[in-house]
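Q: Sequence:
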Amino acid sequence: MAPQSMFRAALLVSFSVLLTVVLGFGLPALLNAIMRMLGLPETSVTECIVLIYAGFVIYVASPRIPRGSVEVKGKAVLITGCDTGFGLSLAKHLHTLGFTVFAGCLLKDKDGEGAKELDEFHSDRMKVVQLDVCSDEQVKKAVEYIKGNLDDSQRGLWAVVNNAGVSTFGEVEFTSVESYKQVSEVNLWGTIRVTKAVLPLIRKAKGRVVNIASMYGRMGNRLRSPYCVSKYGVEAFSDCLRYEMKTWGVKVSVIEPGNFIVATGILTRDIVANTANKLWNEAPDDVKEDYGKIHFEQYMALMRSYCNSGVKDMSPVLDDITDAIRSKRPYTRYSPMEPHWWIRMQVMTHLPGAISDLLYF
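Numbered by this note's numbering, the letters in the sequence shown go through residues 7 to 367 in order.
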């Protein structure tokens with residue numbers, strides 16, 4: 007088991023022991039009281055609760071069970087957003103494993119450092135494609151290129167990884183509608199646009215659709231509404247697509263990374279400074295007056311503090327994406343994140359809003 011998995015397992019077990027004790031003593035008493043009020047016989051619920059919760063802990067904390075792997079040879083994968091971050095690293099990783107990689111890059115000219123790096127592989131299995139996921143024309147051309155460069159077009163395209171994404175931040179009243187649209191155009195509509203374009207090839211291969219969402223596709227947070235809106239949309243789209251693709255033998259998985267800011271460089275102090283200036287300068291006067299500069303600067307300081315935060319190693323995300331592509335029985339959702347974020351996501355998605363709001367806000 008990897009060190010991070012061991013740490014996560016230890017933390018989960020510790021948290022679970024505490025919660026199990028609370029449940030073991032408090033909840034049974036409450037349930038028995040309810041039973042008495044209803045005039046029903048009391049039952050020994052303590053053992054039932056402990057056993058059920060222990061089973062849950064074992065399920066969550068245990069390392070991933072091998073579920074068989076598909077043959078890599080002759081299979082091709084399209085990855086969007088290969089200029090930097092997860093996409094660039096994933097393209098290299100899958101190429102190493104033996105896949106033919108169609109690496110979609112926004113910049114393929116002299117300014118495209120990611121494209122240059124991938125071109126330097128000089129490999130027939132590494133094909134860099136000009137791809138702006140917001141452009142119908144570029145998506146169409148990319149699909150035509152893929153069709154013309156597959157080893158066997160009759161076998162189709164094994165997988166698409168919708169990784170291209172952008173992020174921003176800002177409180178709702180400081181964020182323009184245009185900013186919401188710009189983020190969703192890439193994160194949500196780009197995912198939908200590319201998926202629809204390659205689905206005929208994916209269906210032919212009975213392959214995989216892997217969509218990169220986020221922990222913020224499952225829970226909200228202050229300052230992150232534009233990003234959350236787009237990633238919640240990716241989650242919903244993926245669920246609906248999964249139901250529809252089941253009859254075609256196509257598996258659809260969602261990857262929900264936690265905080266990988268340091269690893270990807272998606273947020274820097276320069277980005278925070280530029281975004282902060284834009285938010286303040288474009289905000290309506292009455293909003294600036296009501297919130298005040300001090301309040302605004304406090305939140306911008308909070309965003310600056312995130313610049314050096316998160317997991318430094320991308321491998322948990324790369325491993326999960328690889329499993330979604332290679333496993334014979336991939337999971338519906340993968341959640342590579344630090345333990346405290348994982349616990350927070352479970353609390354916010356499974357407990358009443360009043361409780362999660364009290365704990366985190």
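Read the hints as simulated data drawn from the structure, not as lab findings. The reader is advised that the hints may include incorrect statements.
Within a straight-line C-alpha distance of at most 35 Å, the following computed DSBU-like cross-link-like pairs (lysine-lysine) qualify [claimed, not checked]:
no.: 1; residue 1: Lys187; residue 2: Lys79
no.: 2; residue 1: Lys210; residue 2: Lys153
no.: 3; residue 1: Lys284; residue 2: Lys210
no.: 4; residue 1: Lys252; residue 2: Lys133
Since the structure is predicted, the reported quantities are computational estimates derived from the model, not experimental observations.
Q: All the hints need checking, so say for each whether the structure fits it.
A: Against the structure, the hints come out as follows:
1. Lys187 to Lys79: violated, 40 Å
2. Lys210 to Lys153: Between Lys210 and Lys153 the Cα gap is close to 12 Å, so the pair holds against 35 Å.
3. Lys284 to Lys210: Judged against 35 Å, a Cα distance of about 46 Å means the pair is violated.
4. Lys252 to Lys133: holds, 30 Å
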